[in-house]
Amino acid sequence: MKMINKNKFFIIFCLIVLITLLLVSELKRGLGLQVSFLDVGQGDSIYIKAFGKTDMLIDGGKNGDVLLQNLSATMDAFDNQIDVLVITHPDEDHSGGLVSVVRDYKIGAIFISGNISDNKNYNQILEIAGQEKIPTFKAEAGTNIYLDNDKKVVFEILSPKGEVLFEESNSTSILGRLVYGESEFMLTGDAGIDIEEIVLKEGWDIDSDVLKLGHHGSKTSSSINFLKAVDPEVVIISAGENNSYGHPHKEVVDRVNSLGIKSLATYDLGIITFLSDGKKIYLK
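The sequence shown begins at 310 in the numbering used here and counts up one residue at a time.
Rather than coming from a laboratory, the hints here were simulated on the basis of the structure.
There's no promise every hint is true.
To be verified - Result set (SDA-like, lysine to any residue): computed pairs, CA atoms no more than 20 Å apart in a straight line:
{"#": "1", "residue 1": "K362", "residue 2": "G587"}
{"#": "2", "residue 1": "K447", "residue 2": "S480"}
{"#": "3", "residue 1": "K528", "residue 2": "K571"}
{"#": "4", "residue 1": "K460", "residue 2": "K589"}
{"#": "5", "residue 1": "K415", "residue 2": "Q433"}
{"#": "6", "residue 1": "K415", "residue 2": "A386"}
{"#": "7", "residue 1": "K447", "residue 2": "G417"}
{"#": "8", "residue 1": "K362", "residue 2": "D374"}
Owing to the predicted nature of the structure, the values given are computational and were not obtained by experimental measurement.
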């Protein structure tokens, strides 16, 4: 009798867990867009899901195990596919963790900056992509990546422009704006002030609700002119706690504060997730 009661309890518990997972999945699908800034330490990684179906992962930090733990906590249960993988540039703190992802997940397509690197992990990713015949594209300013059939969710690539084979790595970072209706996220990789100035000069629409500060809050990014043009309500700092680089730098924090913009940091909050219905953005 006790064994029967235990079995009943276990079945009920499993049903509750399953129903909860289904409800969460339906909530995300109803809100349309999920954007999660992952807690990968001193690095960058952003997980995006459109209408509960299409996944996009931008960068992966430097530690594969940490990245996989974050994805397990963020993605839907039993989801083993990432439709679009974007590697903003080859630096280890953006690409290192992705070796585990291209091994463990089915990848639909990869977008890269086109910068040549001697980074072992980055080159291993490209090697695996070649072996698995994963379509790999060079990102170009003006390219749009649509995450749904109705083209309601789009990642607009604003940089790099032209040939970047032998350029300094950070300056080749893929910089783009994720748009769903009236909700916009400016995602900058490690792009510096020089790239920000080019984007401003090109006249792109960069007004956004949320801005991920370039280069983990380094003073080499996030100029006052760029911050004013983006005009975000919130900035995200993706960095490791007490990191050796001193990120975010005081100069950047002061710039952000002077404009009355709210700051959220992965080293304080862990994974930071936003949900959007195309009109409003909600902090989960």
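- Task: Mind checking the alpha carbons of K528 and K571 for me, to see if they're no more than 20 Å apart?
- Result: Status holds; Cα separation ~18 Å.
- Item | Restraint check for K415 with Q433, where alpha carbons must lie at most 20 Å apart | holds, 16 Å
- Query: Are the Cα atoms of K460 and K589 separated by 20 Å or less?
  - Reply: OK: K460 and K589 at ~18 Å, within 20 Å.
- Item | Hint consistency between K362 and G587 [alpha-carbon to alpha-carbon, up to 20 Å] | holds, 16 Å
- Could you grab the alpha-carbon distance between K415 and A386 and see if it respects the 20 Å cut-off? OK: K415 and A386 at ~15 Å, within 20 Å.
- Quick one, are K362 and D374 close enough, alpha carbons at most 20 Å? Distance of about 24 Å is beyond 20 Å: violated.
- Message: Between the alpha carbons of K447 and G417, is the straight-line distance 20 Å or under?
- Response: Holds, because 15 Å separates the two Cα atoms, which is no more than 20 Å.
- Query: Regarding the pair K447 and S480, is the alpha-carbon distance no greater than 20 Å?
  - Reply: holds, 15 Å
The structure is inconsistent with hint 8 alone, although it conforms to all the rest.
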